[in-house]
Amino acid sequence: MSLQAPPELGRDHALALLGQMAMIRRFEEKAAELYTLGKIRGFLHLYIGEEAVAVGVMQALTPEDAIVATYREHGQALARGVPAGAVMAEMYGKANGCSRGRGGSMHVFDVSRRFYGGHAIVGGGLPIAVGLALADKLLGRARVTACFFGDGAVAEGEFHESLNLASLWSLPVLFLCENNLYAMGTALARHQADPDIQKKGSVYAIPGATVDGMDVLAVEAATRRAAEHVRGGRGPYLLELQTYRFRAHSTADPELYRDKREVEAWKGRDPVTLFSARLLEWGLASETDLAAIEASVAAEVDEAVRIAEAGPWEPVEDLARDVYTGGR
Amino acid sequence: MPKMTYRDAVRAGLREALSRDPRVFLMGEDVGRYGGAFKVSYGLLDEFGPERIRDTPLSESTFVGAGIGAALGGMRPIVEIMTVNFSLLALDQIVNNAATLRHMSGGQLSVPLVVRMATGGGRQLAAQHSHSLEGWFAHVPGIKIVVPAVPADAKSLLLAAVADPDPVLVFEHAALYGVEGEVEDEAGPGEIGRALVRRPGDAVSLVTYGGSLAKVLQAADELATEGIEAEVIDLRTLRPLDIETVLSSVRKTHRALIVDEGWRTLSFAAEVSALIMESAFYDLDGPVARVCSAEVPTPYARHMEEAALPQAATVVRTVKDMLGHDG
Chain L
0 MSLQAPPELG RDHALALLGQ MAMIRRFEEK AAELYTLGKI RGFLHLYIGE
50 EAVAVGVMQA LTPEDAIVAT YREHGQALAR GVPAGAVMAE MYGKANGCSR
100 GRGGSMHVFD VSRRFYGGHA IVGGGLPIAV GLALADKLLG RARVTACFFG
150 DGAVAEGEFH ESLNLASLWS LPVLFLCENN LYAMGTALAR HQADPDIQKK
200 GSVYAIPGAT VDGMDVLAVE AATRRAAEHV RGGRGPYLLE LQTYRFRAHS
250 TADPELYRDK REVEAWKGRD PVTLFSARLL EWGLASETDL AAIEASVAAE
300 VDEAVRIAEA GPWEPVEDLA RDVYTGGR
Chain Y
0 MPKMTYRDAV RAGLREALSR DPRVFLMGED VGRYGGAFKV SYGLLDEFGP
50 ERIRDTPLSE STFVGAGIGA ALGGMRPIVE IMTVNFSLLA LDQIVNNAAT
100 LRHMSGGQLS VPLVVRMATG GGRQLAAQHS HSLEGWFAHV PGIKIVVPAV
150 PADAKSLLLA AVADPDPVLV FEHAALYGVE GEVEDEAGPG EIGRALVRRP
200 GDAVSLVTYG GSLAKVLQAA DELATEGIEA EVIDLRTLRP LDIETVLSSV
250 RKTHRALIVD EGWRTLSFAA EVSALIMESA FYDLDGPVAR VCSAEVPTPY
300 ARHMEEAALP QAATVVRTVK DMLGHDG
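These protein sequence lines map, in sequence, to chains L and Y. If you read the first sequence in numbering that gives the first Met the number 0, its first letter stands for residue 0, the second for the next number, and so on. If you read the second sequence in numbering that gives the first Met the number 0, its first letter stands for residue 0, the second for the next number, and so on.
The set of hints was computed from the structure by calculation and includes no laboratory data. Note that the Cβ used here is the ideal one computed from N, Cα and C, for glycine as well. A hint or two may mislead.
[As the list claims (entries may be wrong)] Restraint-style ranges between C-beta atoms, simulated for each label pair:
(1) 264(Y) x 41(L): 42 to 48 Å
(2) 301(L) x 90(Y): 41 to 47 Å
(3) 264(Y) x 183(L): 51 to 57 Å
(4) 63(L) x 45(Y): 56 to 62 Å
[Claimed, not checked] Reference listing, derived: stretches of chain Y covered by chain L, where coverage requires no fewer than 3 residues with Cβ under 8 Å from a Cβ of chain L:
(5) 94-108
(6) 275-288
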């Protein structure tokens with residue numbers, strides 16, 4: 000850790016980054032609690048430990064850019080600005096949820112923010128991102144489609160097909176591999192013959208980089224460089240973000256496959272505490288600032304829960320709604 | 000009215016869709032330089048250019064998924080999967096994404112995507128190139144399934160599919176591409192979800208679609224020589240299904256036979272049969288019957304393949320059995 004703050008890092012931006020990460024952390028902790036109370040059901044994949052990835056990446060995107068995410072997407076949604084109340088209500092299954100309660104935790108959508116889900120088949124979002132980028136290219140729009148996926152997706156055929164097609168047609172896709180070292184319970188080294196993920200882009204002539212996904216500033220800087228490449232019409236880019244989830248894969252996971260000491264070691268690199276400590280050290284934040292952020296996100300999460308609790312249930316008579324656009 | 004082949008009718012539909020709307024583009028394996036595996040898109044590359052007639056790598060899942068994404072992004076993609084057999088490689092994108100995105104997003108998204116593919120057997124292509132799996136796809140809510148049996152429908156239902164805000168899968172029976180029929184120049188889009196009585200009759204309702212229609216009409220002609228007037232219904236769309244047209248026919252004829260090139264077990268014919276039973280049971284003079292494919296992977300040898308697929312002679316024999324059984 001350097002003793003000096005990066006000269007370009009302003010206090011407001013630094014506090015905003017910390018605030019967003021703290022918000023995701025608190026939101027996810029609350030979600031876990033609500034799950035044990037039975038308020039949230041189904042699968043719940045928590046983002047705790049990976050906050051720097053979503054927050055860092057989103058800094059480099061404009062409102063016109065599109066995002067395609069996975070089933071572990073609450074962090075991306077919040078960092079993109081999807082209202083926390085709408086995400087929480089979605090997990091409650093309420094009609095005021097962002098997907099009207101039809102999607103749940105794994106299927107957060109907010110088209111007004113070009114947030115295209117929430118995809119729960121590993122690798123299945125990549126071709127969609129390629130298509131969104133194709134539409135932008137055909138319509139002459141200088142936009143980026145940011146496509147999140149995990150290290151597990153790298154073993155899927157759609158990863159290779161999508162990288163090939165995006166590169167072949169020089170499409171503006173920013174491929175973001177969130178490498179948290181486990182495809183559910185299978186360690187990277189146990190599912191990849193060559194665990195160097197970023198290198199896999201090179202066989203499809205896609206440039207890329209590997210970045211420390213626990214360092215929000217590093218993520219932001221790397222994503223800015225990557226997005227600039229993509230937006231400039233030079234084709235796709237593959238960014239590997241090395242991170243770690245502190246919690247189990249999902250609420251259904253007893254975590255038999257990894258050593259508790261490994262988890263503890265990674266917790267020593269907690270992106271939220273790490274960044275808080277840096278800001279203090281750099282003199283960009285005071286203990287009072289940190290306390291204010293904590294209080295503010297706690298209030299925001301409480302408000303999200305209140306919105307979810309107060310939300311209505313969709314009437315069962317509407318069951319067949321939105322299967323087809325014409326209602327047929 | 001001008002006559003043209005089914006192949007030319009599909010091409011005329013594609014040309015019209017591409018000319019009418021700049022958001023429409025065609026992509027798939029060998030649709031451009033090769034001119035389409037069935038020569039359907041022949042000439043379109045020269046006419047519309049490589050941006051709109053796009054040759055894809057052999058990656059069915061990804062180019063179908065890219066079609067979904069492009070549709071979300073404001074385009075009107077027409078994706079050609081060479082044949083239904085290869086569509087299995089894109090099943091994830093069709094079933095998990097195209098069919099679900101509208102519902103799963105709480106109505107925020109529409110997927111105006113057309114996926115065309117050849118279907119069916121009868122050309123001695125053996126077990127990996129002869130599937131009729133449109134019934135599988137028809138199982139899935141969120142997509143529409145169109146099965147044009149004649150050139151006029153091949154064009155008009157394609158245009159309807161392109162105009163539709165939701166994903167439509169068009170199954171073109173490969174044996175039909177060379178078949179000629181009348182096609183109106185200015186017909187415009189047809190109506191998805193509407194069956195048609197192709198031949199009126201009062202003795203039995205023969206319900207079919209796609210590649211089996213010609214065989215069923217041939218069987219009906221043969222039956223007519225023996226004084227049996229069969230009514231032939233072409234379903235044209237499997238989902239949404241126009242069951243009312245079927246039911247009103249059955250209420251008139253009191254007998255129904257469904258002819259479907261899918262395997263008999265869990266065939267689309269089974270669904271039609273169940274619907275007749277549920278809504279017109281007391282109008283029936285006898286059990287609903289089915290002629291489907293035999294329960295074998297489609298064999299190569301000609302005589303064996305013929306035995307495996309529905310044939311006009313089987314339809315004739317089955318109708319006579321039906322009429323004989325109830326005296």
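Tested hints:
1. 264(Y) x 41(L): 42 to 48 Å: violated (33 Å)
2. 301(L) x 90(Y): 41 to 47 Å: Cβ of residue 301(L) to Cβ of residue 90(Y): about 44 Å, so the range 41 to 47 Å holds.
3. 264(Y) x 183(L): 51 to 57 Å: violated (35 Å)
4. 63(L) x 45(Y): 56 to 62 Å: violated (35 Å)
5. 94-108: holds (count 11)
6. 275-288: violated (count 0)
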